[in-house]
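Chain residues, written in single-letter form:
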Amino acid sequence: MTDATTPVSTMEFHPQPRSGAAKPWAFPAPERSQLPNGLTLLTSHRPGQQVVAVEVNLVAPLEAEPEGLDGVATIMSRALSEGTDKHTAEEFAAELERCGATLDAHADHPGVRVSLEVPASRLPRALGLLADALRAPAFPDGEVERLVGNRLDEIPHELANPARRAAMALSKELFPATSRMSRPRQGTEETVARIDAAAVRAFYDTHIRPATGTVVIVGDFTGVDLDAALADTLGAWTGSTAEPQKPSPVVADDTGRVVIVDRPGAVQTQLLIGRIGADRHDRVWPAQVLGTYCLGGTLTSRLDRVLREEKGYTYGVRAFGQVLRSSAPSSPEGATGAAMLAISGSVDTASTGPALQDLWTVLRTLAAEGLTDAERDVAVQNLVGVAPLKYETAAAVAGTLADQVEQQLPDDYQAQLYVRLAETGTVEATAAVVNAFPVDRLVTVLVGDAAQIAEPVKALGIGEVTVVSG
Amino acid sequence: MPMGHTATEEAGSGGLTATEHRLANGLRVVLSEDHLTPVAAVCLWYDVGSRHEVKGRTGLAHLFEHLMFQGSAQVKGNGHFELVQGAGGSLNGTTSFERTNYFETMPAHELELALWLEADRMGSLLAALDEESLENQRDVVKNERRQRYDNVPYGTAFEKLTAMAYPDGHPYHHTPIGSMADLDAASLEDARSFFRTYYAPNNAVLSIVGDIDPEQTLAWVEKYFGSIPSHDGKQPPRDGSLPETIGEQLRTVVAEEVPSRALMAAYRLPHDGTREADAADLALTILGGGESSRLYNRLVRRDRSAVAAGFGLLRLAGAPSLGWLDVKASGGVEVPAIEAAVDEELARFAEEGPTPEEMERAQAQLEREWLDRLATVSGRADELCRFAVLFGDPQLALTAVQRVLEISPLEVQAVAKARLRPDNRAALVYEPTAQTDAAGTEEEEAAK
Numbered sequence: 001m002t003d004a005t006t007p008v009s010t011m012e013f014h015p016q017p018r019s020g021a022a023k024p025w026a027f028p029a030p031e032r033s034q035l036p037n038g039l040t041l042l043t044s045h046r047p048g049q050q051v052v053a054v055e056v057n058l059v060a061p062l063e064a065e066p067e068g069l070d071g072v073a074t075i076m077s078r079a080l081s082e083g084t085d086k087h088t089a090e091e092f093a094a095e096l097e098r099c100g101a102t103l104d105a106h107a108d109h110p111g112v113r114v115s116l117e118v119p120a121s122r123l124p125r126a127l128g129l130l131a132d133a134l135r136a137p138a139f140p141d142g143e144v145e146r147l148v149g150n151r152l153d154e155i156p157h158e159l160a161n162p163a164r165r166a167a168m169a170l171s172k173e174l175f176p177a178t179s180r181m182s183r184p185r186q187g188t189e190e191t192v193a194r195i196d197a198a199a200v201r202a203f204y205d206t207h208i209r210p211a212t213g214t215v216v217i218v219g220d221f222t223g224v225d226l227d228a229a230l231a232d233t234l235g236a237w238t239g240s241t242a243e244p245q246k247p248s249p250v251v252a253d254d255t256g257r258v259v260i261v262d263r264p265g266a267v268q269t270q271l272l273i274g275r276i277g278a279d280r281h282d283r284v285w286p287a288q289v290l291g292t293y294c295l296g297g298t299l300t301s302r303l304d305r306v307l308r309e310e311k312g313y314t315y316g317v318r319a320f321g322q323v324l325r326s327s328a329p330s331s332p333e334g335a336t337g338a339a340m341l342a343i344s345g346s347v348d349t350a351s352t353g354p355a356l357q358d359l360w361t362v363l364r365t366l367a368a369e370g371l372t373d374a375e376r377d378v379a380v381q382n383l384v385g386v387a388p389l390k391y392e393t394a395a396a397v398a399g400t401l402a403d404q405v406e407q408q409l410p411d412d413y414q415a416q417l418y419v420r421l422a423e424t425g426t427v428e429a430t431a432a433v434v435n436a437f438p439v440d441r442l443v444t445v446l447v448g449d450a451a452q453i454a455e456p457v458k459a460l461g462i463g464e465v466t467v468v469s470g
Numbered sequence: 471m472p473m474g475h476t477a478t479e480e481a482g483s484g485g486l487t488a489t490e491h492r493l494a495n496g497l498r499v500v501l502s503e504d505h506l507t508p509v510a511a512v513c514l515w516y517d518v519g520s521r522h523e524v525k526g527r528t529g530l531a532h533l534f535e536h537l538m539f540q541g542s543a544q545v546k547g548n549g550h551f552e553l554v555q556g557a558g559g560s561l562n563g564t565t566s567f568e569r570t571n572y573f574e575t576m577p578a579h580e581l582e583l584a585l586w587l588e589a590d591r592m593g594s595l596l597a598a599l600d601e602e603s604l605e606n607q608r609d610v611v612k613n614e615r616r617q618r619y620d621n622v623p624y625g626t627a628f629e630k631l632t633a634m635a636y637p638d639g640h641p642y643h644h645t646p647i648g649s650m651a652d653l654d655a656a657s658l659e660d661a662r663s664f665f666r667t668y669y670a671p672n673n674a675v676l677s678i679v680g681d682i683d684p685e686q687t688l689a690w691v692e693k694y695f696g697s698i699p700s701h702d703g704k705q706p707p708r709d710g711s712l713p714e715t716i717g718e719q720l721r722t723v724v725a726e727e728v729p730s731r732a733l734m735a736a737y738r739l740p741h742d743g744t745r746e747a748d749a750a751d752l753a754l755t756i757l758g759g760g761e762s763s764r765l766y767n768r769l770v771r772r773d774r775s776a777v778a779a780g781f782g783l784l785r786l787a788g789a790p791s792l793g794w795l796d797v798k799a800s801g802g803v804e805v806p807a808i809e810a811a812v813d814e815e816l817a818r819f820a821e822e823g824p825t826p827e828e829m830e831r832a833q834a835q836l837e838r839e840w841l842d843r844l845a846t847v848s849g850r851a852d853e854l855c856r857f858a859v860l861f862g863d864p865q866l867a868l869t870a871v872q873r874v875l876e877i878s879p880l881e882v883q884a885v886a887k888a889r890l891r892p893d894n895r896a897a898l899v900y901e902p903t904a905q906t907d908a909a910g911t912e913e914e915e916a917a918k
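Residue numbers (our numbering), protein chains in the order written: chain H, 1 to 470; chain Y, 471 to 918.
Isolated chain H (complex conformation) (with noise of 0.2 Å):
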């Protein structure tokens, strides 16, 4: 301790260190195997992480529902765990926690996914109660009611966040009225309202069975009997071997144009511009990962170096592409899928027309100019570096495997997409991005103020003003 008397010394600076050697890492290879019952198995072991992860893939798209039942695959997914053939709902809910475990399942347009986690003493149980739950659901009258109620209650939560209902808008403007893309993932209140137990259990005879599902199974399984634990359980689940049915499609209307969904007296407006682009399966993928996150991956890329430490227009602006549904060239259906590329964030409502003004300009300068050498470099240093804390635990790895699973990839698709990053140069990167984000195909939603922001935002002539009611 320096004695509060004594002068007050300066600290000795040193160089900025370099870096050290670096140690080899790959994204895990699992083993890839198949269930008697034509269930599809993906382990790999990762020694140290003592919660395992354990995702389930159902081909159950959101295409797939009746019409006028948006919304059932939802509420499916959620009675998974509302009772089987051995527990009541409250009996089957206590099992989980005695086990440390939490399940989770929700419908996407993919498909049905169930994520378990539990620490890796209590798997073999923990995968008796997720076998149970696909296997032999109870979908008693009861509770299915209850979860439509359940979900009846949550919608008007979800309408009031300003980024919720900022997606909602953007699928309504995008996607046609007859794609299932362009309504709620989880259903309106019309549709929502219609649903029974027997529309339920019809949703689950129709599209759940072993051999068109995936489980991927990733932890630290020492001491475990793993074939022995899957045997007993998810081996036990029965089922017929019907083909899925072909997905359509995914087309969009990228026009350029604003929608303001009117929110009067709000603080701040919430920004999402987006279009529909490549999917994993295009060669562009890597290119496009790459010049996003130039674009919008950080707060040193281009749109906060602007618009947050610049302007202090914003708490963080980000670029990014969400696969909406994939599949490989090579299926019957060919390649259909389609991401959704997209920019959002929030701004004060009074900046809202000169932070608009601002990113367009990034975008324009970004087209006119391209990126930097150096900026490419950084960004491939950063995705590619830091994979092996992004996968550090058994959740992530699974959560990719399922991911590329569901889009129809080789089981090697991320360790390769890490080669193909490091190689892909400033030129294609420039490229990927500028066709991503053109300033003239962008569909611009704002959840805000109208009375504030629409005539600003019309001044800036980057498409169509619509004012819709919030």
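Heads up, none of these hints are tricks.
Keeping only pairs whose Cα atoms sit at most 16 Å apart, straight-line, the calculated EDC-like set for lysine to aspartate or glutamate is: (1) H/K23 x Y/D681; (2) H/K246 x H/E63; (3) H/K23 x Y/E582; (4) H/K390 x Y/D842; (5) H/K172 x H/D254.
Note that these hints are calculated values from the structure, not bench results.
This structure is a prediction, so every number in the text was calculated from the model and none was measured.
Using the hints, position chain Y against chain H.
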């Protein structure tokens, strides 16, 4: 320099070990080796949070945290972010009531860079701090406040609850985000003096966890941090002690444009670091954690009066911890019906105590939550800092789960009986206004 504990594994630590060291300038250092993945986490806790702020300057600790990313003597502008991300690392900082933390997770071979960066700003931030970055980050933080609290339904509920549970003038009366007026009032001199007062090696704990060579790591720490002068300018925070219970029912009714009625409530609970806090954690888990909890079963499953119902625990060391109840009403259900059911369940639990099955479930849930936190090097680094800063002993992080598993049903019942009572409750009731009444008015019935 190396002193104290050797890396001997303690029972219930899940195989984790940590060593402790102290530099001559007072910087405490905790190291924990784990070679499973080639990554290393650096975590630096400064013993300063919003509880150290004074009236009229709420939000200063957090605003200051933003300024720590605006450059220092050898790091230009956004260089801290650029260099860490360019090295394949991830980073951030957060501010709470009791501390401010900064952290980098790096590929193991880039560890030295993170240490150099943290040392540079600990020793020389004021060389780079200027009016321009203050003005910019003030706007960023005000937008953070709008985005996370002001422009979200129920977004200011937590702020309102803490203001009720901790009386005016108490160091925890306001939350770290601060008020817009105080953020506007913060000056460059405020920021400078905040740094001079609280940012010193002897007011910080540095933990480094992961694929590290302890000897080399310690040599780097000494090289980069060793010459930063310590100082004793820090004033202790204002006294946070309070009576164990509020002593009366507090109630605020808020009429706002929210999607449904809601009942929220804050309860004063035992200080973090005590057996009673662990017992309270179990009680809240049994009552309101997950989908087999008493309140979920009662309100969501049986009464169908709520769309969501749960309890959370904010552990605090320098003031009573806060139990936070959050119930969102189903359409058409009135708050008094929910309130009566909650009171009934809490009273019954205090009377009967937990069943053996409930204890088993709650302990299993809390154990998994701990395993999740310890699953990453950054999670472990943060917990080691937490126990070192708040309780003086990082080793306590490694046995925390064991302590939760040792709590008896009687202890859980005792804390419920003593604390989860109506006269220890600050209730916040939301009543939705019509959509057209946009501005939102606040009506206080019987506050404070």
